[in-house]
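Following the hints, complete the assembly by docking chain B onto the known chain A.
Chains as they are written, first to last, in this note's numbering: chain A, 1 to 167; chain B, 1 to 520.
Simulated from the structure, these hints should not be mistaken for lab results.
Nothing here was measured: the structure is a model prediction, and the numbers come from that model.
A hint or two may mislead.
Cross-link-like lysine-lysine pairs, in silico, DSS-like; alpha carbons within 30 Å at most [unchecked claim]:
id	chain 1	residue 1	chain 2	residue 2
1	B	234	A	48
2	B	234	B	251
3	B	261	B	242
4	B	377	A	48
5	B	140	B	108
6	B	108	B	261
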Amino acid sequence: MGVSRRFVLQGSAAATALATTMPSFARAGTINVADDPEMKARLMRMVKVAFPHGQFPDSCYERNCDAIMGAASGNPGQITMFMQGMHDLKDAGFDDMDDAAALAHLQSIEGTPFFQLMRGTTVLTLYNDHEVWEILGYEGASFDQGGYINRGFNDLDWLPDPRITEL
Amino acid sequence: MNAIAQDEAAVVIVGSGAGGGTMAFELTKAGIPCVLLEAGKHFSIDDWVNDEWEAFGQMAWLDARTTSGSWRVATDFSGLPAWLVKAVGGTTTHWAGATPRFLDYEFKARSTYGDVEGATLLDWPITLEDMAPYYDAAEKAIGSTHVHGRPPLAANNNYKVFANGAERVGYTKYATGPYGTNAEPYDGRPGSIHDGFNFQGDKNGSKWSTLVREVPRAVDTGLCDLRPESHVVKITHDASGKVNAVIYVDKDGNLQRQAAKAVCVAGNSIETARLLLLSDSSMFPNGLANSSDQVGRNYMRHLTGSMYAWFDKPVNMHRGETMAGIIKDEVTHNPDRGFVGGYYMETLALGPAFLAAFIEPGAWGPEFANWMDHYNKMAGMWIVGEDMPQATNRVTLSSTTDQWGLPVANVHFDDHPNDIAMREYAYEKAEALYNAVGAVGTHRTPPYPSTHNLGTCRMSANPEDGVVDKWGRAHDVPNLFVSDGSVMTTGAAANPTLTIVAHAIRQAEYLASELKAGNI
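Next up, chain B with everything else stripped away, as it sits in the complex:
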């Protein structure tokens, strides 16, 4: 019965990534029919290609966006503020796979860090204790290594350098995970063959994504009407202020209307905020669910930075899982380091094509050539830490329009002094780590276009401080939910996918109970 009539008021989910794909599976599993609208195409894992640029052209969200602010991305990649995927499965199809949980203090950032000038810190309206059972469920869904009986991934070459360096500088909390790719067969999917491609989609199907798990299982219930190439441009509401439909552009460029009894928006933080801003009306003149003026604000992208180091012996970082290495020692709140919050160090490998584009955007000359000449002797890591929410770091509607004539998202970002202090500290620690195992050279690589996009519809206890409540339900609109990383009150240090999935499982349980109780 997968087809749902367009005039039947269904639960409508916008986006099929970590949040939306999980919502679709959890709700249909609970017997609730859903329409799942995805802007991108429906590829299979057989369509993915082991080639960095070709895969980027196939998968990346390349619709126009604009940038502003002092962040370097606005100079080097002005049309590409974020590196996300436009396809069924969303950005889970290209995520690397690290699955750390947020820590207890990270849900209480305002209380723990105090008043940080220029930052709009808040405590989450939920705690780690509230989230713990959903973290368990999310880790089992993803099949995270190292937890719930799942074995660890083997050490690859990049990890050997990373872990030995960690040991020599005195770190103790290092491991090859938790990581969202099977080390051995699990849940109907095979173990990793260490093929070295993650950001390009995993052709082997060992990596978890909603493309290979939640979306097909939702469709198999018979209750999920999946519509790829359906780009939502507006959410409409009735006279009482409840949402009643979404308007989307189909693959032929025609506008379609789908009636809705509830809408769950999961377009990733940039498109989710943009869609709410595009959904203004006389009742909601500043955009839907935006009486607080918080929609689009407090955009976070994690600290990030990379360190590449080269040696006089081969490493071959390109072989094996991209991010199967994590150091947790710096994830702590210790203001003696000169900043609040903490950061992870995680292995990262790029091929020569991406390394040339990203190691130092704009660079050329003999020094650049020398870096590239050391490609097979190079090791790499990513630094991912908590960045400060700021009211002026913000997604707004641009004067530029997209292929449908609608204003695109402008992403404005300035680093907070805390972000800069943490990044500098982390670079020094990363250099020390690689020098401890004999690096002959190192390079500090600036942040890439953002892969972790958070906070533009943040969760708050007080409706004046945020967009959604502790369930991810809009303060202003009782049948509108935000189901992706936009809801994050603060960003913590951890890669966000696990928390997005855990939050969606929790939200789906709540929404299902509200629907069954007749409250929506």
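The shape of chain A in the complex, shown without the other chains:
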């Protein structure tokens, strides 16, 4: 995550420098969340419940989860905060909840730094994903294609053409 975007990432001072390893509480020794499919699956579920888009493929959510784990792994304090949050989700039975119960549970932890790390990172990452843009119908950069002047800037046809100067 760029330095600049942290200015709009509130409630997650935790989201700082990128690191590559994530310890897990699950076993001894040097630990890496990438090796923990159960935890990744839980995080995926959490994001999908919090930001439910039926038309987004898993690939979009997976890239977002990678960004969350990257944002969480800045220092030992952040890592343990994140790991504890994941652990608490499991203890609450999150894995077995239906979507309505899972949503209600996330609402109950909305104010925690753990949740805000997930929320803030997702807002800045999921909706900056080019595959997501394509699904939402956003065409992005246009200058190198000559702008939208010949690509539909005025193609709305379900309303009459209005005047463009004052009477």
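What follows is chain B alone, placed relative to chain A:
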């Protein structure tokens, strides 16, 4: 001869945006050498990128600032009270482009609105009549559409929704401008290709900015010594109380001194006030030009709010110019609406990246996802109206320090009851407009980090009421000028850039005449 010796007392301009860039061009055109100091880097339009977050990281002023007060920005964006640019050309490089003039009554806010409890309203010491010729000059400089023979921009999709809604609710004063981007080639720059990016800098060069017009033309006179990455930290004065130099940090972090015969401060309202407060001395213990204690006070940011509406058919608001649509019907003083002053409605479009961050800061869950799912069926508008000046809405020096060890600006803001009443009224009118063309949903988006920052060194007839006189000259310091939106006595409803440019042209003419007469 562009290099000016650091011990040569020159006219020194701090900031190269709408005010400072215009000052540099107008003064050098009149034969007066200037040193133009800009805190940011010198990008070219080829450096801009059509990507919201990447461009934000490239252009935005991201030096530390702090916030306080009950405004929601202090909660949601506590380190980012304002969304401004740190680069040559300043915030003109990312402005959207709307160029309405202030109206006659807006220069007479105190007389027109009367005594509004809690507001520090004043009449400007100048009138629309004083400003009219300079508005003409500014509109020609910018190349505003719809005026002086410039053609209007074509209607884009977002405008079609906006204008049809306006017609159906009975508004009559709607159009695609005036707008500071060429509809057809003008002044050496091409017509718009409707590329959809404004806040990221216009790669096509159709949009006016001081980066593409005033600054290069000033440099071409041979009289402007432009120094990017030169962050002014102090203005010094002599024993008589006249300013005599500025101290700045260069790109290598070294302190430099430039001698000055006059200083024009144009750092935008937050940094301008901060610089004067940082320039305290035994003679000016409360900050330079601050015997009135008005420096930093009466900070205004315009009312603002946005309305996003979605439909069951495609809109594709991201295609085309961002703000090429304006409704003027609500810009009138009619207290029967429950507030004083008026507001514009203007089209506004964001990409999904910014929309997700700003549509409802902090939001998540199925409702939020549903808004985003309607992205390509969404239309948007911005509400921009006059907010009340208040003595306690204020830029002060924070206990937080910046990368140079200097106190950063703290921006304190509370909405005035008039601001809240106007915003609520405007939201209702905006909903009615979109509902009239079949909206299936609408959302009231709160103000973004402030893009219109005004009033912290306000112009006043009486030196006790403000910081500068009717020329923008400090009441306390005869060779110190403020050349940006800080001078605005009240904010009016209009987007401020045109008025900042017009004021700078007027001030440059005055300063040039004073210099030539030997009065400075």
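Against the structure, the hints:
| no. | hint | in the structure |
| --- | --- | --- |
| 1 | 234(B) <-> 48(A) | violated, 52 Å |
| 2 | 234(B) <-> 251(B) | holds, 16 Å |
| 3 | 261(B) <-> 242(B) | holds, 9 Å |
| 4 | 377(B) <-> 48(A) | holds, 23 Å |
| 5 | 140(B) <-> 108(B) | holds, 26 Å |
| 6 | 108(B) <-> 261(B) | violated, 34 Å |
In summary, the numbered hints that this structure violates are 1 and 6.
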